[in-house]
Amino acid sequence: MMIRRIIEAAFPDLRISGYRVTSPDTVGYNCVAWAAGDTSRWWWPDSLETSYWPDDVQRSETLEAFVRAFETLSYTTCDAPEYEEGFERIAIYVNANGKPTHAVRQLPSGYWSSKLGQSYDIEHDLEGVSGSQYGSVGVIMKRLRKLQD
Amino acid sequence: MLTAEDVKAVVGSFPEKEYLSLRNWLLERDWKLRNKATGSATGKRSARFCKLKEKWEKETLFLSSTSEICMHPAYQGIIGMGPAVLPFIMREMAEKPALWFWALKAITGEDPVPESERGKTAKMTEIWLYWWSDNKHKYGV
Chain A
-18 MMIRRIIEAA FPDLRISGYR VTSPDTVGYN CVAWAAGDTS RWWWPDSLET SYWPDDVQRS
42 ETLEAFVRAF ETLSYTTCDA PEYEEGFERI AIYVNANGKP THAVRQLPSG YWSSKLGQSY
102 DIEHDLEGVS GSQYGSVGVI MKRLRKLQD
Chain B
2 MLTAEDVKAV VGSFPEKEYL SLRNWLLERD WKLRNKATGS ATGKRSARFC KLKEKWEKET
62 LFLSSTSEIC MHPAYQGIIG MGPAVLPFIM REMAEKPALW FWALKAITGE DPVPESERGK
122 TAKMTEIWLY WWSDNKHKYG V
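First to last, the protein sequences are chains A and B.
Residue numbers for the first sequence follow the working numbering, beginning at -18 and rising by one.
Residue numbers for the second sequence follow the working numbering, beginning at 2 and rising by one.
Chain A on its own, in the form it takes in the complex (with noise of 0.2 Å):
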């Protein structure tokens, strides 16, 4: 499929450790919105404020502010990304500067599930969309797993 190339190209990795695509692309919400659990709106602290940021939240494209926004959802940093029954885990990606670039959260498998920006998501390995594209996981968080009603 043209799409599985476009994606292994931006993503190299994908191919050797394996993806699934696990939705139709969308601009309705973007990775960190999808980590956090919210399709109904785009996340990213922009000067121009025409994305959603949490309120309190410094409007500022460092780690420690993303670290903050998932502070605000009960996520504390940890060091493993193993899963772990009874907690749900996120991680962001930061580029050679430090800059957060994307983030990812992990599904009861133990994969972790990613939103390619203004595409698709897909079901991947933590390491499969390092690279040149989204540099490296620069902290991992978890949280209580919420309990099902």
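Treat the hints as calculated values from the structure; they're not laboratory data.
Note that the structure is a prediction, hence the values are computed from the model and not measured.
Each residue gets a CB set at the ideal place from its N, CA and C atoms; glycine is no exception.
Do not take every clue at face value.
Label-pair ranges, simulated between beta-carbon atoms [as the list claims (entries may be wrong)]:
1) A/P5 - B/E55: 52 to 60 Å
2) A/E108 - B/P113: 38 to 46 Å
3) A/T53 - B/E93: 29 to 37 Å
4) A/I(-13) - B/G83: 31 to 39 Å
5) A/P5 - B/Y140: 29 to 37 Å
6) B/G83 - A/P5: 45 to 53 Å
7) B/K139 - A/R(-14): 39 to 47 Å
8) B/G81 - A/S113: 23 to 31 Å
9) A/N76 - B/P113: 29 to 37 Å
10) A/L125 - B/R49: 51 to 59 Å
11) A/S55 - B/G44: 34 to 42 Å
12) B/P84 - A/N76: 41 to 49 Å
13) B/K45 - A/L125: 53 to 61 Å
14) B/G83 - A/P62: 43 to 51 Å
Listed next, the in silico EDC-like pairs over lysine to aspartate or glutamate satisfying Cα-Cα at most 16 Å (straight line) [said to hold, decoys possible]:
15) B/K121 - A/E30
16) B/K121 - A/D19
17) A/K80 - A/E42
18) B/K59 - A/E(-11)
19) B/K106 - B/E96
20) B/K54 - B/E96
21) B/K137 - B/D112
22) B/K124 - B/E96
23) B/K54 - B/E93
24) B/K97 - A/D6
25) B/K54 - B/E69
26) B/K52 - B/E93
27) B/K139 - B/E93
28) A/K80 - B/E69
29) B/K137 - B/E127
30) B/K59 - B/E69
31) B/K106 - A/E30
32) A/K127 - A/D19
33) A/K80 - A/E45
34) B/K124 - B/D112
35) B/K59 - A/D6
Only some residues are given here: those of chain B computed to face chain A with a beta carbon under 7 Å [as the list claims (entries may be wrong)]:
36) C51
37) K52
38) F63
39) S65
40) T67
For chain A, the structure is supplied; the task is to place chain B on it using the hints.
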């Protein structure tokens, strides 16, 4: 330019049917001439917009950073086209929502989107399209 009124004044009493027919012919010719003169400029503008848009879409497809998406050189090139590009952006938005909001704010100096709706792409698109229907006359459309 010679009008039906000019002709009528010259030939005196003019049969109504022939008068209306000539008048309509003159109006249509005038419209075609005006559009022929501006069509070329519009066509070039459209081609430039399409070229920049396609480059922007392709090269920002996997980005989540609103800043990076909107600071892309092609996107900035579209902003640089000024108010004349607004009809093209609006036509694009009506067909397929995209992150045109930076460009619209930068070009118009306006922002009709309330804070509560920030980030809601479909809603922001709707708000801007309504804004355009009320304000496009200010841009000669």
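Item to check | A/I(-13) paired with B/G83, Cβ distance criterion 31 to 39 Å | outcome: 32 Å, holds
Next on the checklist: A range of 51 to 59 Å was offered for this pair. Does it hold for the Cβ distance of A/L125 and B/R49?
Outcome noted: 53 Å, holds
Item to check | Distance restraint between B/K137 and B/E127, which requires alpha-carbon spacing of 16 Å or less | outcome: OK: B/K137 and B/E127 at ~15 Å, within 16 Å.
Checklist entry - Regarding the hint that B/C51 lies at the interface with chain A, is the smallest CB-CB distance below 7 Å? => result 18 Å, violated
Item to check | Hinted pair B/K59 and A/D6, Cα distance within 16 Å | outcome: 13 Å, holds
Checklist entry - Keeping to a limit of 16 Å between CA atoms, is the pair of B/K106 and A/E30 held or broken? => result With a Cα-Cα distance of about 10 Å, the restraint between B/K106 and A/E30 holds, given a limit of 16 Å.
Next on the checklist: Can you tell me whether the CB distance of A/E108 to B/P113 sits inside 38 to 46 Å?
Outcome noted: 43 Å, holds
Checklist entry - Within 29 to 37 Å or not, the Cβ separation of A/N76 and B/P113? => result 34 Å, holds
Checklist entry - Do B/G83 and A/P5 keep their Cβ atoms within the hinted range of 45 to 53 Å? => result Check failed, 34 Å falls outside 45 to 53 Å.
Item to check | Pair hint B/K59 and A/E(-11), alpha-carbon separation not exceeding 16 Å | outcome: Roughly 14 Å between the alpha carbons, so the hint for B/K59 and A/E(-11) holds.
Next on the checklist: For B/K54 and B/E93, compute the direct alpha-carbon distance and say whether it is at most 16 Å.
Outcome noted: 10 Å, holds
Checklist entry - Is the distance from the Cβ of A/T53 to the Cβ of B/E93 consistent with 29 to 37 Å? => result 34 Å, holds
Violated hints, in rising order: 1, 6, 11, 12, 19, 27, 36, 37; the structure is consistent with all others.
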